[in-house]
Every structure is written in C-alpha cells, then in structure tokens.
Amino acid sequence: MIEVSHLEKTFGSVLILDDVSFRVETGESVVIIGRSGGGKSVLLKHIIGLLQPDAGEVLIDGENLCGLDERQLLRVRHKFGMLFQGAALFDSMTVAENIAFALRREGNPTEAEIARKVAHALELVELSGTENKNPSELSGGMRKRVGLARAIVYEPQIVLYDEPTTGLDPVVSDSIDHLILRVRDHLKVTTVVVTHDMRSARRLGQRILMLHNRKLYCSGTADEIFNSTDPVVHRFVNGISLPTEDLVL
Amino acid sequence: MNFLAGKFLTDWLEGLGRISLLAKEAINSLVTLKVRWQDFLFQLYFIGVKSQSVVLVTGAFTGMVLCAQTYFQFHKVKLDTATLAVVSVSMCSELGPVLTALMVAGRVGAAMAAEIGTMKVTEQIDALRTLATHPVDYLVVPRLMASFIALPLLTAESITIGIVSGYLVGAFLLDIDPAYLYYNMLKHTMGIDVAVGMIKAFIFGGIIAIVGCYKGMTCGEGAEGVGRATTEAMVFSSITILISNFFLTLTLSRLLHLYD
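Protein chains in written order, with this note's numbering: chain A, 1 to 249; chain B, 250 to 509.
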C-alpha cells in the first residue's frame with residue numbers, strides 16, 4: 001500500500017507540490033492527471049524515493065521513505081518497477097542486458113535462468129527475438145516496451161509509469177495501454193500511472209487523481225472524473241483552454 | 250560585490266562538501282568490494298590500455314626536451330654527465346606523475362563526466378536507482394578502482410620512456426659519455442624518488458575519477474549541461490592535480506625525509 005500524506009516540495013523558490021495526500025491500496029490501479037509542469041512526475045519520483053519531500057511523508061507498506069538514506073532506499077525499491085517517460089534504457093547494453101540488469105544484482109541466478117526470464121518478459125511485451133538489438137535500433141514504442149519488460153522482469157509489487165504513451169502514435173499508445181493492463185492482471189501489481197492522455201487515463205484508472213495548482217484537486221472513478229461538472233476538471237479532461245491561455249501567433 | 254563573493258564561497262564550500270561525501274561513499278563501497286568485475290576490467294582497459302599512446306608520447310618528448318635543456322645549462326659549468334640524473338629524478342618524482350595525470354585527466358576525466366552526465370540527463374541514473382542499484386557502486390567504484398591501479402602503471406611507463414628518451418638524446422645527439430650518463434643517473438636516483446612518483450600517481454588517479462564522476466553526476470540539464478560538465482571535469486581535475494602536487498611534494502619530503 002502507498003500512502004502519501006501532506007507532501008510538500010519546492011525547487012528553488014518555486015512550490016511544486018503543496019499538502020498532497022492520498023492512498024493507493026494494494027492491487028489498485030490509479031492514474032494521476034494534471035497540467036504539464038504540475039508536479040505529476042515529481043510526485044511519482046517521491047513515491048519511489050528518487051526525490052525527498054520538504055515536508056510530509058511517503059509510506060510504502062507502512063514504512064516511511066522520508067529520511068532514509070540511499071542504501072536504505074535500495075531495499076524498499078526492490079518492491080518497485082518503474083517505466084520512465086523516455087524509457088531510460090542503458091544505451092551501452094543490449095535489450096537482453098537491459099532486462100537482465102536487475103536479475104544479475106540479486107543472488108547468483110544461472111545464465112540459463114536469466115535467459116529464460118528475459119525471454120518471458122520480452123514475450124509479455126510482444127518483443128520476442130529482439131534480445132541482441134541495441135536501444136538505438138528501437139522505435140519509441142519498442143523502447144517503452146523494453147523499459148516495461150525491464151521494470152517487471154523481477155516481479156515487483158508496485159509498478160509506476162511516467163507518461164507511458166507520450167510521443168507515441170495512437171495505435172502504439174493503445175498497445176501500451178493493453179500491455180499495462182495485461183501486466184496489472186498477470187502480475188497482480190499495484191499500478192500508478194502519470195499521463196496526459198485522457199483515453200489512457202479512462203482505460204487504466206480504477207481511480208483518477210487530478211493535480212491542479214500544486215494541490216490534489218479531486219479524486220474519483222473514471223466515470224466520476226470524466227462526467228464531472230467542475231469547470232476545471234471538465235476543461236482539462238476535454239482539452240478546453242481558457243481564452244486567456246490561447247497562444248498568441 | 251560582497252554578496253557575490255559570499256555566494257561564490259558558499260557554492261564552493263558546498264561543492265567541496267558534496268565531492269568529499271561522494272569520495273567517502275565511493276571508498277566505503279570500494280573497501281567492501283561492491284563492484285562488478287566486468288565493469289572494473291572494462292574501465293581498466295579504457296583508462297590503462299587506451300591511454301598508453303598519449304602517455305608514452307608525452308613521457309618521451311618531455312624526457313627529451315628536459316635532457317636537452319639541462320645539458321645546455323650544465324654544459325656551461327662542465328656538469329654534462331649529470332644531465333640524465335636531473336632528467337631521471339625530475340621524471341620520477343614530478344614530471345612523470347604530473348604530466349601523466351594531466352593527460353589522463355584530459356582524456357579519461359572528461360569522458361567519465363560526459364558518459365555519466367549523459368546518463369543523468371537521459372534519466373539512466375534514476376533508472377539505476379529504481380532497479381535498486383546504488384549509482385556510486387555501479388558508476389563510480391569501477392572507475393575509481395581502475396584509476397587507482399592504472400595511473401601508477403601509466404606513470405611508471407612514462408618515467409621509463411622519459412629516461413630512455415633522455416638517454417638517447419644525451420648519448421647520441423649531445424655526445425655525452427653514455428657510461429657516465431648512465432652511472433650518474435643510477436647514483437642520484439633513489440628508490441624513494443620512484444616511490445614518491447607512485448604515491449602521487451595513485452592520489453592523482455583518485456582525483457581524476459572522483460572529479461570526473463562528480464561532475465557527471467551533478468551536471469545540468471541538456472547538451473549544454475553535459476558540455477559544461479565535461480569541460481569542468483578536465484579543468485578542475487587538472488588544477489587540483491597541480492595544486493595537490495605542490496602540497497604532496499612538501500608533505501612527502503617531510504614524511505620520507507627526502508632531503509635530510
């Protein structure tokens with residue numbers, strides 16, 4: 001279970017997150033939406049301990065991440081897998097080496113065992129046969145799928161997705177959404193997705209949280225959010241700008 | 250003006266604190282051997298083997314020019330045969346370690362900063378952390394360990410080639426008696442001179458790796474950030490090598506009673 005309470009974060013003099021609190025139950029699938037630069041990715045990085053808050057707490061299965069040093073955080077991060085916006089594949093390694101990276105750090109698995117797990121993860125993301133390719137040879141969608149395979153190969157309890165469909169065409173985005181659902185159902189993981197893509201949000205979120213003006217503005221099921229009459233939520237989910245926000249050309 | 254000076258001093262002290270913490274973390278990790286041997290061997294190859302040509306050329310021409318200049322001065326006071334002794338002692342305790350370190354800082358320190366900096370801006374370091382891998386264990390320790398080993402070896406090569414080149418120039422170009430040249434070189438070069446050079450090279454290796462890795466891990470955003478980190482890694486490690494060389498010379502001469 002993930003519990004975020006009264007989280008505050010400032011970069012320099014800019015307040016990014018202000019008194020953000022929410023809970024994600026084990027096995028739940030939650031989508032965080034909000035405007036660009038609104039602190040969604042920052043919030044996600046707090047959940048996995050990549051950033052430390054200025055105030056507030058992040059609890060993972062009851063353990064507070066705030067104040068833990070980097071080595072103590074490594075132990076907690078075994079529970080997590082994370083897909084980055086740009087996939088963040090290690091460009092000096094092949095696809096198979098990227099996926100096997102986390103497996104090699106634990107115990108002494110045999111090469112055959114590693115190869116079997118890598119093949120299984122690649123099969124799950126429908127990229128069988130790409131083991132020996134380099135990340136530079138892959139398209140954006142393929143990179144994200146390899147990133148996902150790397151995040152789930154060691155069967156984490158929680159998977160975080162930072163804008164998994166950004167920059168992808170609608171068809172590839174759709175396939176990534178299906179993959180996220182498949183991973184969730186297959187591995188029974190807790191899922192937290194940060195996205196701008198409203199179609200993905202509707203499909204992936206059992207619950208949707210919306211950040212607005214640095215705060216958690218609202219929370220509800222997909223139907224509640226998409227049928228909301230609140231002007232801020234309505235404008236955001238339907239992509240309607242205010243006249244004052246129109247770009248001057 | 251005072252405000253700017255205060256800010257500069259604060260930033261400088263903050264940077265010094267951070268780099269010290271990185272060094273402490275890396276050395277703690279190093280002594281517990283939390284290192285992947287494959288990565289260490291690759292770094293040893295990259296730092297040690299691939300730097301040889303530049304180090305050998307630097308050592309050779311430094312030995313040659315030092316021999317020529319020393320001869321021009323010593324010839325005036327009829328001390329021609331002491332020429333190679335000066336080359337040898339200088340190469341062992343000062344020029345060998347310092348010039349090798351400067352060349353390696355330019356080649357390897359900058360490459361470390363560029364590689365780690367690129368990993369930072371493309372979120373690969375964050376990805377390492379999410380995969381429960383400490384960036385210091387994975388990125389800094391193999392480079393530090395390889396630098397600690399490679400720098401003394403490269404310095405030994407540089408010293409050797411410098412002395413040999415000096416000998417060839419003295420004996421065959423400047424017509425100094427080869428037997429006296431060689432005898433005086435052996436007579437005035439002590440084992441302690443070589444030891445000083447090796448100690449310095451070991452410390453310079455640590456400086457190059459720590460500064461290069463620190464600059465990479467703290468680099469700014471985008472291509473500009475990586476570019477700046479690369480330049481700063483080379484400049485800062487070079488300056489640190491030159492400054493620390495002075496203090497090392499004084500300290501080691503006291504500790505080892507070099508001139509008693």
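Read the hints as simulated data drawn from the structure, not as lab findings. Worth double-checking, as some hints may not be accurate.
What the hints assert, rightly or not - Lysine-lysine pairs mimicking DSSO-like chemistry, simulated, CA-CA at most 30 Å apart:
hint, chain 1, residue 1, chain 2, residue 2
1, B, K327, B, K436
2, B, K299, A, K133
3, B, K325, B, K256
4, B, K299, B, K273
5, B, K327, A, K79
6, B, K273, B, K256
Quick rundown of the hints versus the structure:
1. B/K327 - B/K436: Within the cut-off at roughly 18 Å; holds.
2. B/K299 - A/K133: Answer holds: B/K299 to A/K133 is near 27 Å, not above 30 Å.
3. B/K325 - B/K256: This hinted pair is violated, its Cα atoms lying about 54 Å apart.
4. B/K299 - B/K273: holds (28 Å)
5. B/K327 - A/K79: Outside the cut-off at roughly 77 Å; violated.
6. B/K273 - B/K256: holds (25 Å)
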